[in-house]
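Combine the two chains into a complex, taking the hints into account.
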Amino acid sequence: MHNPTFETTTMTRVREKGQRGERQEKSPPSSSQTSARTFWDMKVAVIVERDDDGERLIRELQRMRCGVHHEWPMPQQVPAQFDAIFCALTDDLPQRLPWLPGEPAAALIVVDHGKGALDLTLLHNCAPHAVLTYPSTGRAAQASLAVARSHFLYERRLRSRIDKLDDSLRTTRSVERAKSLLIRVKKVSEEEAYNYLRRQAMERRVTIGAVANAIIDSYDLLG
Amino acid sequence: MPARRKMAAGRGRGKNDQRQQEAVGPRGNEERERGLTRSSNTSEPWRVGVLFSRTGFMAVIEETQLRGTLTAIDEINNSGGVNGRPIEPTVYDPGSEARAFGRLAKRLMVEDGVSTIFGCYTSSSRKAVLPVVERLNGLLWYPTLYEGFEFSPNVIYTGATPNQNSVELCRVLMKLYGPRVFFVGSDYIYPRESNRIMRELIRNSGGSVVGESYVRLGATRSEFLPVMREVKKAQPDVIFSTVVGDGTVFLYQAYADLGLDPKVMPIASLTTTEAEIRAMGFDVGEGHITAAPYFQGIGNERNSSFVRRYKKRYGEDEPTNMCLEASYFQVNVFAKTLEETNSMDTEILRASVMGSEFEAPQGNVAINPIWGHADLWTRVGRANSLGQFDLVYESPSCVAADPYLIGYSRSIGQRSLALA
Chain A
366 MHNPTFETTT MTRVREKGQR GERQEKSPPS SSQTSARTFW DMKVAVIVER
416 DDDGERLIRE LQRMRCGVHH EWPMPQQVPA QFDAIFCALT DDLPQRLPWL
466 PGEPAAALIV VDHGKGALDL TLLHNCAPHA VLTYPSTGRA AQASLAVARS
516 HFLYERRLRS RIDKLDDSLR TTRSVERAKS LLIRVKKVSE EEAYNYLRRQ
566 AMERRVTIGA VANAIIDSYD LLG
Chain B
8 MPARRKMAAG RGRGKNDQRQ QEAVGPRGNE ERERGLTRSS NTSEPWRVGV
58 LFSRTGFMAV IEETQLRGTL TAIDEINNSG GVNGRPIEPT VYDPGSEARA
108 FGRLAKRLMV EDGVSTIFGC YTSSSRKAVL PVVERLNGLL WYPTLYEGFE
158 FSPNVIYTGA TPNQNSVELC RVLMKLYGPR VFFVGSDYIY PRESNRIMRE
208 LIRNSGGSVV GESYVRLGAT RSEFLPVMRE VKKAQPDVIF STVVGDGTVF
258 LYQAYADLGL DPKVMPIASL TTTEAEIRAM GFDVGEGHIT AAPYFQGIGN
308 ERNSSFVRRY KKRYGEDEPT NMCLEASYFQ VNVFAKTLEE TNSMDTEILR
358 ASVMGSEFEA PQGNVAINPI WGHADLWTRV GRANSLGQFD LVYESPSCVA
408 ADPYLIGYSR SIGQRSLALA
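Chains A and B, in that order, give the protein sequences.
First residue of the first sequence? That's 366 in the working numbering, and the numbers climb one at a time after it.
First residue of the second sequence? That's 8 in the working numbering, and the numbers climb one at a time after it.
Just chain B, with the same shape it has in the complex (with noise of 0.2 Å):
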């Protein structure tokens, strides 16, 4: 990234002097480093873990993820890596299954030495892989939207909170659908959290939830049914999810075949991105609302190379979705901080990070100094024929994190929509 770029000539020198990294002896230099070489005398690989699911009912959406990751890592090693020395990840896969994920944290700490960690979408395997990175002290990237009501020191987070998704998505469906809501989600920790805060949002603007229904993770298709009718029953003016998984897909499909019309009753959702449009089919997600910071057709020159490159790489037909941009510009993220301080060393590296500031495809982000949380763009989007968000609401910058809600209304404002 053209920012990485830029730190290594500059500032990055200094914390390399006084931070000389922990001793690893001199190996002959790389050959394409860029000739800032006094202290990067090894080309002795900087390890970091991955863990995503490409398989089970999450692997979906993890599977962009890893992608995300494994392109920014191959990206920056193929530039001639930090400090003349390549990252090299080890990559499990979890399975989608939280437990799963905490073993293999203890694994990837413990048995390989790694001490980063990017990984995790659904909240139980962040809250998995929590104490482990706590205990020993490592640092996890959790490149994925969630409640909000969390701070650890020794996590990163790059996705949304609900201060940069929930309040201004109320706001759209309310000026554009109507007060009525019904509430779906799969059974687990971030739909009942989420929802709790949604009703909060839409109980304060003068909105009303007209009804809740939950279906297990990894439910079938066969579970949604039952739960679409009930919906069908009770005539709301949108539909919010907190579906993931392959139930996303089974929501929407099961929308359709009950012939409902988006154009009155969209589900709405800040979880459905261009990856589950892809896999629910394009004509199923048509006239659906998701908020997120990201969607690929932001039009900005930064992203449109982002997603040519990610489209070379994986395929014309791959589109891009907000949890891969926030994998990919939270590796980025990682390598413009350890380009400064030359060491892997947790304390040294989360208190480097920071405050930073970064060009990410979304646009200008900056890891909040008091949550190191991401602050983040929001946008809302409709789902066109293409499988493609059409912007509905775009902030003017980007939005300061704020986990705990401290700071924001309680209500949604009265500022006019920026319609597309």
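Pulled out of the complex, with its shape left as it was, chain A reads as follows (with noise of 0.2 Å):
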């Protein structure tokens, strides 16, 4: 992997001196993967004061081309429909964050005013994706942001793994009822009976697992 922080920079620079394209074509143009246009109409809400800190991000992330929405004082739930959010750390945060902790709905930068002590309790019960530290500069801000958002969606693609883990662990069992039946009922070989649970699946146009509780609640059907 490429330094995803010194690539952004580096593109954003390229096109506000308004370049030619051809140094962008040779930057990987892939969308997933993490550049300054990752951050392009990024929907970000900004939940801090606007003091000269709360400014400097708000121009940064403006600089950035994120959609950026922004709100004081803290409202009773912060909203959850953005890609990404920065939130004031404020000992009541836990409470007003929409989601349990464990399943977030958006990337969560918390925003530490940076004076008196860190309170470690409050920050672990945040559960957030990254922290921003006043006073910030704008290189810190785009950090932040690169680095919430892509431990979000890297919790997101785990979390969907094990559910699909899961999945397929039952699926499993059901193949592998399917076929006994089948060795047992149409009395065929192991493999004759894999190749007719596939042939099946493909045919209809449906999972495996789908043909096999299918063969297994029809058998149980007829008794």
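No wet-lab data here; the hints were simulated from the structure.
Fair warning: there could be bad hints in the mix.
Going by beta-carbon spacing under 8 Å, a handful of chain A positions derived as facing chain B [as the list claims (entries may be wrong)]: (1) P459; (2) L465; (3) G467; (4) H489; (5) N490; (6) A492; (7) D531; (8) L534; (9) R542.
Each pair of labels, with its calculated beta carbon distance range [what the hints assert, rightly or not]: (10) B/D194 <-> A/S533: 20 to 26 Å; (11) B/D194 <-> A/E436: 36 to 42 Å; (12) B/D264 <-> A/E556: 49 to 55 Å; (13) B/R236 <-> A/D456: 56 to 62 Å; (14) B/D81 <-> A/D456: 33 to 39 Å; (15) B/L232 <-> A/W437: 55 to 61 Å; (16) B/F158 <-> A/E541: 17 to 23 Å; (17) B/D194 <-> A/I548: 30 to 36 Å; (18) A/E436 <-> B/R236: 55 to 61 Å.
Listed below are the simulated DSBU-like cross-link pairs for lysine-lysine, each with C-alpha atoms no more than 30 Å apart in a straight line [claimed, not checked]: (19) A/K529 <-> A/K544; (20) B/K270 <-> B/K239; (21) B/K182 <-> A/K544; (22) B/K270 <-> B/K240; (23) B/K239 <-> B/K182; (24) A/K408 <-> A/K480; (25) B/K240 <-> B/K182; (26) B/K182 <-> A/K552; (27) A/K529 <-> A/K408; (28) B/K182 <-> A/K551; (29) A/K529 <-> B/K134; (30) B/K182 <-> B/K270.
Ideal placement from N, C-alpha and C gives every residue a C-beta, glycine not left out.
Written as structure tokens, this is what we have:
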């Protein structure tokens, strides 16, 4: 992996200087890679006070071509329908987050005002994807957004992988059962039974698990 | 519990020294301390969370789990607490609503600063708590049988999984009553998954499922009559019920109202305990079958004393049951572990509890080190006219948990029935 932060900065500069497209073509075109384009039109909520630091953060996000939505004072419930949320780290932030820990609806970057001792328990309870500490730089804002978003997506991929694994575990059992039914009832070999299941799945354009379950169910109905 | 006391003097010490507890300032020793005070120089309570419904359609059984939990905590505190510090429960009532379990688990961990939670009956409530304890790294102790096929590094499961109840139940039913089974269930995760496994067992053992019907969770009495009429028409040998909550009472009562006979066509269940039998009426429950790791009537001294203490506290009429027993023994397993670790840190607690053994009212049990599920006893009982279960089958020792059903045989074995 190349260094995303470095690439991001470079590309932004390239665009700002208004240079021609040749150099951009050389960079990875895929939109799923982290590049400056990743942030274009990303919906970002910013829930911080509009002081100097806040203004700087908003300006940087706008410069990154994010769609910025600012809100202050902090609403009772932090809005969730964004790709990423910058939110001031307040004592009651965990209660204001609209999701349960472990089921975040957006990448969360908590914004620490940088004064006094950092409350690590509070930080843990917010379960953020990144932290931005004031006084911040444009570079830090960029990095925190990139890291938070990639962590959020990575978590989501892992969760969906676990769901799929759970699911295939059950499917495997059904396929095994259907196979042994076919071997018994149709008096075929194990391989023939499996091929039969696969063929049926292809012809009917359904999953092999669905075919297996249908066979098991219908066999049960026949009694 | 005896085991805990034994642990206290010996092994517990070494670990205390290594893993000095999180810094809680010296507060002076607890009065009743048992003289092993080096690291327990504070009387600050060990705070834990408790989530069982006292209201809503799951209240009948969850209330008993709450009692089991609080009884264990009180007994531990009355004999000096854990390393001189009492256990202090924060108790919430999620009102039988799965989403409230998730919300309250968050509140316990975030606002109350608790990391260990005892709770949950239904699988939907467990699944609601799961992301919270996983993300914030808490430890949920789950004292209820469930459908298996789950593993989380943040849960200790102390109820039975299918290899510890369904397999033997299926064998007993087919042997005693016949191979034709009708499924009735509440419409949520546990019954559907549990029936999938039961169906596989029945089919592979030459039996058949002659009908299947689901009623919504929290269904009213009137919704069970049509179901039971359907059952009556199908004339199975056995009804396998995965109905939970208030519905259990309605189901068995509808059965009785239709004049069906449990001697020929009983309802078999993994969830109908002494608590539900009491709620439906002993006459209604008599003759029906339940598989469970524990029944109040099992004869051993440890259980008799547990039952005596429970009745003394809650009244002579109050029966114990498997969910109550699991709730009770898991708090004791926790306390015994805590005594060794002297730390509520999830990583440390979990590492220490895995593989540990414990003398529970049901017999000796262990926390399976691979799965974090308890190795439990398998028993099948038939309800009698006193609302108690007479044993029809009992395993020779506790059965290793196999939540993913990896090692069990796909059909019921040929072992002879140990009829009581």
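Hints and how they fare:
Look at A/P459: its Cβ gets to within about 4 Å of chain B, closer than 8 Å, so that hint holds up. Hint status for A/L465: holds, given a least beta-carbon distance of 5 Å to chain B, under 8 Å. Annotation: interface hint on A/G467 holds; nearest CB of chain B at approximately 3 Å, less than 8 Å. A hinted interface residue such as A/H489 counts as satisfied when its beta carbon comes closer than 8 Å to some beta carbon of chain B; here the least separation is about 7 Å, so the hint holds.
Interface restraint check: A/N490 against chain B, minimum CB-CB distance 4 Å, threshold 8 Å, status holds. For A/A492, the suggested interface contact is upheld, since its CB lies about 5 Å from the closest CB of chain B, less than 8 Å. Taken as an interface hint, A/D531 checks out: its beta carbon lies about 7 Å from the nearest beta carbon of chain B, inside 8 Å. Against a cut-off of 8 Å between C-beta atoms, the interface hint on A/L534 holds, since the closest Cβ of chain B lies about 7 Å away.
Among the interface hints, the one on A/R542 holds; its C-beta lies about 6 Å from the nearest C-beta in chain B, closer than the 8 Å criterion. At about 24 Å, the CB distance of B/D194 to A/S533 agrees with the hint of 20 to 26 Å. With their beta carbons about 41 Å apart, B/D194 and A/E436 fall inside the hinted range of 36 to 42 Å. Range check, B/D264 to A/E556: Cβ separation about 53 Å, and the 49 to 55 Å hint holds.
For B/R236 and A/D456, the hinted distance range of 56 to 62 Å is satisfied, since their beta carbons lie about 59 Å from each other. With their beta carbons about 34 Å apart, B/D81 and A/D456 fall inside the hinted range of 33 to 39 Å. A hinted range of 55 to 61 Å holds for the C-beta pair B/L232 and A/W437, which are about 58 Å apart. With their beta carbons about 20 Å apart, B/F158 and A/E541 fall inside the hinted range of 17 to 23 Å.
A hinted range of 30 to 36 Å for the beta carbons of B/D194 and A/I548 is consistent with their spacing of about 33 Å. Here the CB-CB span from A/E436 to B/R236 is close to 58 Å, well matched to the stated 55 to 61 Å. Proximity of A/K529 to A/K544 is assessed by CA-CA distance (about 22 Å); at most 30 Å being required, the pair is judged to hold. At most 30 Å may separate the alpha-carbon atoms for a hinted pair to count; B/K270 and B/K239 meet this at roughly 15 Å.
Under the criterion of a C-alpha separation no larger than 30 Å, the hint pairing B/K182 with A/K544 is consistent with the structure, at around 27 Å. With a C-alpha separation of about 18 Å, the suggested pairing of B/K270 with B/K240 holds against the 30 Å cut-off. Distance hint between B/K239 and B/K182 is fulfilled; the C-alpha atoms sit about 21 Å from each other, no more than 30 Å. Between A/K408 and A/K480 the CA atoms are separated by roughly 29 Å; this keeps the pair inside 30 Å, and the hint holds.
Taken as a hint, the B/K240 and B/K182 pair is honoured in the structure, with Cα atoms around 23 Å apart against an allowance of 30 Å. Proximity of B/K182 to A/K552 is assessed by CA-CA distance (about 28 Å); at most 30 Å being required, the pair is judged to hold. Straight-line distance between C-alpha atoms of A/K529 and A/K408 comes to about 29 Å, which keeps the hinted pair within the 30 Å bound. Annotation: proposed proximity of B/K182 to A/K551 holds, straight-line Cα distance about 28 Å (limit 30 Å).
Between A/K529 and B/K134, the direct Cα distance comes to roughly 16 Å. Compliance with the 30 Å bound is thereby established for this hinted pair. This hinted pair checks out: B/K182 and B/K270 have alpha carbons roughly 14 Å apart, not beyond 30 Å.
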